[in-house]
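Letter by letter, the chains look like this.
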Amino acid sequence: MTLAVHPLVLTLFFPLVGFLALLLLKEGQKSALRWVTLIASLVTFGLSIWVTVLFLQNGKPLDMDLPWLAFGDLEVRLHLGADGLSIAMLLLTTFLTPLALLSTWTAVQDRVKGFMMFFLLLEMGMMGVFLALDLVLFYIFWEFTLIPMLFLIGVWGGERRIYAAVKFFLFTMAGSVLMLLAIIFIGFQARTFSLPELVGMREVFAESQMLLFAAFGIAFAIKVPMWPLHSWLPDAHVEAPTAGSVILAGVLLKMGAYGFLRFNLPLFPEATRTLAPWMAGLAVIGILYGAIVAFRQTDVKKLVAYSSVSHLGFVMLGIFSLTPQGISGAIIQMVNHGLSTGALFLVVGYLYERRHTRQLDAFGGIWKVMPFLGALGLIVTLSSAGLPGLNGFVGEFTILVGSFSSPALGSGWFAGISALGVILAAVYLFFMFEKVFLGPVKHAENAALKDLTFRETLVLAPIIALIFAIGLFPQPVFDLIQPSVDGLVQVVQSAMLALH
Amino acid sequence: MLLSETALPDPTFALVPWVVLIPVIGLLLNLMLGRRFNEKLVGAIASLAAGGSFVVAVLLTLALTRHPEGFTYTVFTWMAVDGLVVDWAFRVDTLSTVMMLVVSGVGTLIHIYAIGYMHSDVRHNGEPARFRRFFVFLNLFIASMMILVTASNYLMLFVGWEGVGLCSYLLIGFWFEKGKDGLGNAKAAKKAFIVNRIGDFGLLIALFIMFFAFGSFDFQTVFAQVERVAQSLPWVLPAMTLFMLLGVTGKSAQIPLYVWLPDAMAGPTPVSALIHAATMVTAGVYLVARSSPLYEVVPLAQNTVAWVGALTAIFAATIAVGQRDIKKVLAYSTISQLGFMVAAVGMGAYVAGIFHLVTHAFFKALLFLAAGSVILGMEHSAEHGAHGHAHGHAEADPQDMRNMGGLRKKMPLTFWVYLAGALALAGVAPLAGFFSKDEILTAAQSFNPTIFVLLILAAFLTAFYMGRQVLMVFFGKPRTPAAEHAKESPPVVTIPLVVLALLSVLGGLLNFPGSHTLGHWLEHTFHTVEEGHFVWAIAGGSLAVALLGIFIAWLIYGRKPQTSPKAHDPLEAPLGGLFQGMARKWWVDEVYQAVIIRPFEVFADFLTHPVDLGVIDGIGNGLGSLTRAFSSLWGRLQTGFVRTYALTILLGVVTVLGYITYLALR
Amino acid sequence: MPLFYYLALSVIMFTIGVIGVILRRNALVTFMSLEMMFNAANLAFVAFAYHYQTLSGQLFVFFVMTVAAAEVAVGLALMVAIFRTKRSIDVDQLSSLKG
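Chains as they are written, first to last, in the numbering used here: chain U, 3 to 502; chain C, 2 to 667; chain Z, 18 to 116.
Extracted from the complex, chain U is given alone in its bound form:
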């Protein structure tokens, strides 16, 4: 397929078309700016559906490999590929972006043009991360997502936005620089940056794989975020605008977990195997720590931010269980977390738009005043808490079952202690729900709040639908990612065998 027609390129770079269209508009044409961006993101979503259909039809991953830069015999190529894992992430990205845009229709009123442009660039960067199969290309897109996010937080954010934006940027950058070192090292050793080739010739850098694992691992761990590198997240989430929070929680955090799955496991399987209990241990700490600290927050967005730390701890545990159930559960939980936590931020955002405060004490009795938001908020809370029948349970349960029986972890204690997270999740989530929605209406300002508008419902509806759909019929997602999962498990297991 030629460059112009390949679906991956089209999907990946379509947001640029929107970006260029926005350049032609003026700041004053706010409505046009919003519509152009929305349409661009919807078209991108449509294109990603097309990519999914192609993948399901062909049965094998899509691939596109073109030459780009060459340094003697060392090449950086434009190598894009989509397997089940990438497609799940791609769909999550292109699904959440239009919803995030729609949710922020009235919230952002100044410098709308800049906001929309950054949003499209961000979408492109995120898609690039999930589709790149060349190490340098991956790194470029990885860094590419930092700049729009920096501006989105720093310009359109809350009071401490500069601090939060700079903190976010520096934390992530520090990790990425280590990753760059590792990439250059690998490139020089193996004389190629192409991921599939590198997986096949692992022995070339096999002696240094512990260090390489650490270098990549730190970059990804900061992004996930794993305890104790998580402290950028609460500030970033609190200060970011609603749409920014939705995308940050929904997609950007997944880039870290994706990185582990795409790079650390296949390229450094022996190191993975050796370090798995340690990583799982950190994950368990993250699960419990995030839940306990979330319980004591007074700012509802910070509460949800810490809940993300907890939920993504489950994802990390699943990944490092190195079992089919664990990894499948982790991937499906990546999707689920994007949906549930994205929806939670939307609910919080709607409340913030009305009352301009995020303090838990400022609310109370909202279910009486806004019954529809209360009902939808309850569904999203339950999804986050992992109620069976909703999406969260499917991921959490498979992760825990996989971790319990995992030979790599070697002990049921990881899963056993993490299961306490189930209790703790109920504690902080129901605490939040009670503080915000239940009880009498204490503050007079709350009594006059209007319930959800059509636009706001339109944004939440698809997410709620998916929450039920994935909870009751998760099998299609499992089927989609199964070849990728099997591939990963196989690589790690064959390395384990070779070790002994």
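Everything labelled a hint here was simulated from the structure, so no lab data went into it. Errors might be hidden in some of the hints.
[What the hints assert, rightly or not] Which bits of chain U does chain C cover? Going by a derived footprint, with three or more residues having C-beta under 8 Å, they are:
{"id": "1", "segment": "74-86"}
{"id": "2", "segment": "320-330"}
{"id": "3", "segment": "431-438"}
[Unchecked claim] Just so you have them, the derived chain U footprint on chain C, three or more residues with Cβ under 8 Å:
{"id": "4", "segment": "74-81"}
{"id": "5", "segment": "209-221"}
{"id": "6", "segment": "611-619"}
[Unchecked claim] Sample of chain U residues with no beta-carbon within 10 Å of chain C, all distances over it, derived:
{"id": "7", "residue": "22"}
{"id": "8", "residue": "28"}
{"id": "9", "residue": "44"}
{"id": "10", "residue": "55"}
{"id": "11", "residue": "209"}
Even glycine gets a Cβ: it sits at the ideal position worked out from N, Cα and C.
The hints should help you fit chains C and Z onto chain U, whose structure is shown.
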């Protein structure tokens, strides 16, 4: 989508998903279109949905009489990841049909009752529009409970298990802006959910162990491998059964996780009747009964279960004696009776346990509903009656038994059905409770004499506190104007009461000594059922104990009834501290608060402030400050003076040239 | 005359020039010292050219003188511009790039 390979022995079996789907349709109808319906239509839809579920259950039971070995109907595969395969599959066998009938049967009656009750309640609380929501939640409950009892694998059971927990939360906190300080109901609901979650944690661990050892959650698959696993991995079965017990103590309100149930009385009375008396709380008993092949192999677990049940039975009974809220007495009574059931299934007397489950559903639901009728009467008369009395301050608590008295003349129908329920609960022959309790006592006597003694004591106390309650509420003279003007409740409230009363009286026939209908029916599922004996000595003894309890209650409360609502309970003086303990539920909640909740909060605060903000964030911010300090330190090199720069250049040149010269000269 | 004498003189002149650049605050004196450094270099070039009987050293002096002239022109123009705002040609006062 039908995945089961074996052909249906009877086409009726294919109806089983409808026990779940009909209530779901009911709730969706009320949810989407209910705003346009009037109250009667909403109530009718919900009741018909529950009734429809009952009809399907009856059809399934009839089909089972022809094929008693049962059938598993698989609809589709829920999850399939490598070795983990879980289906949405329904199990129709004698045990599940008993549960289905109880849940949907009693459930339908309660739905009908609730139409009348909630009509009053939503007006009493000033929110007529919330009527619809109540019935949506009730239908959701029926659907979830049905999933629980028809599940053919443990994971699907867990879905129903948590589902009923959710419905419990929604219904306890139905009046979420009311209660103590406006938050009391919401807090009670949260307590219920979280305590249940602790139990669920136990059940989850059991499930993990199950998958690890058996590779499946399906009942048939697991039970078939019990022998093999008991040999090869001896720790598995004890661990699994004991963790499962933790789940049981949560859902079925046993020690140590029973504390949510008394608080759950904050919900409207139909909720207490349906969820916290008749059905949801029995899920734990059902779980142990269903897992009988697992427990049979682990005597340690069986003993533990039996002891937990027996201790809970006596402990809760003592608390019930000291309560003065009509619903709290019934709540602790429920915990106590659940203790009987749990003890029974722990001892291996599954038929006795299930029998008591069924009879208890009848008379406890009856008692709660009748208590609701009493409360309605008290509320109404406080609102409409008492003409000419300007009660500026808060009126008398309609649930406080001290404010009642003499109601048998004011609400005769309620009185008679209440009496029937109370006698059945106390275990007076020939009402239903006598037979079911007797079977349990018989089993206990041969299992463990101490447990037998505990249960006999609990039975005595049961009769005593029920006698106390009936006497305080219905006999003597009305103690407050509210009681003075109480009136009987409308038929939509009283008819279900009559039906339940009949069931309480006649329910003993289900497993009458000699015919043992239920026993034979359940034999097809349990396979290890012993023929229930009828030991005259024990039967006579338990009857005597019950009558003794009632007699002593009459001596204390009946002969000289209290006349003032503020008078102290006659037991308070003689028992002193003991009575305080009973009235204050032995301070268990306070102990939990001090030993578990407060330390947790302190720990959470510690993690949040000094650790997270101080240390971890501090490291990040500290690095930033360090960098800034460094940069300002080095920045001092840039003095801005050109001459300094020139000097630096000179020094640099001299050094480099000097070094090169030195090298050249060597 | 031995080469050494010329080189010694050149070094002394250069050093004096360097000290002048570093120690004097007046910009014009700095430029004069700079000229001295240039001339010291010129002297060295010519001395070597004479010693080794080659013309290239002497030619190079022309280059140096041209560059010196150009540099002084630019430098003096800068000083005039600065004097307009600062009313002083004290080099130490041009320290706004501090830190």
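Hint-by-hint comparison with the structure:
no., hint, in the structure
1, 74-86, "violated (count 0)"
2, 320-330, "holds (count 4)"
3, 431-438, "holds (count 3)"
4, 74-81, "holds (count 4)"
5, 209-221, "holds (count 4)"
6, 611-619, "holds (count 3)"
7, 22, "holds (38 Å)"
8, 28, "holds (39 Å)"
9, 44, "holds (28 Å)"
10, 55, "holds (23 Å)"
11, 209, "holds (31 Å)"
In summary, the one numbered hint that this structure violates is 1.
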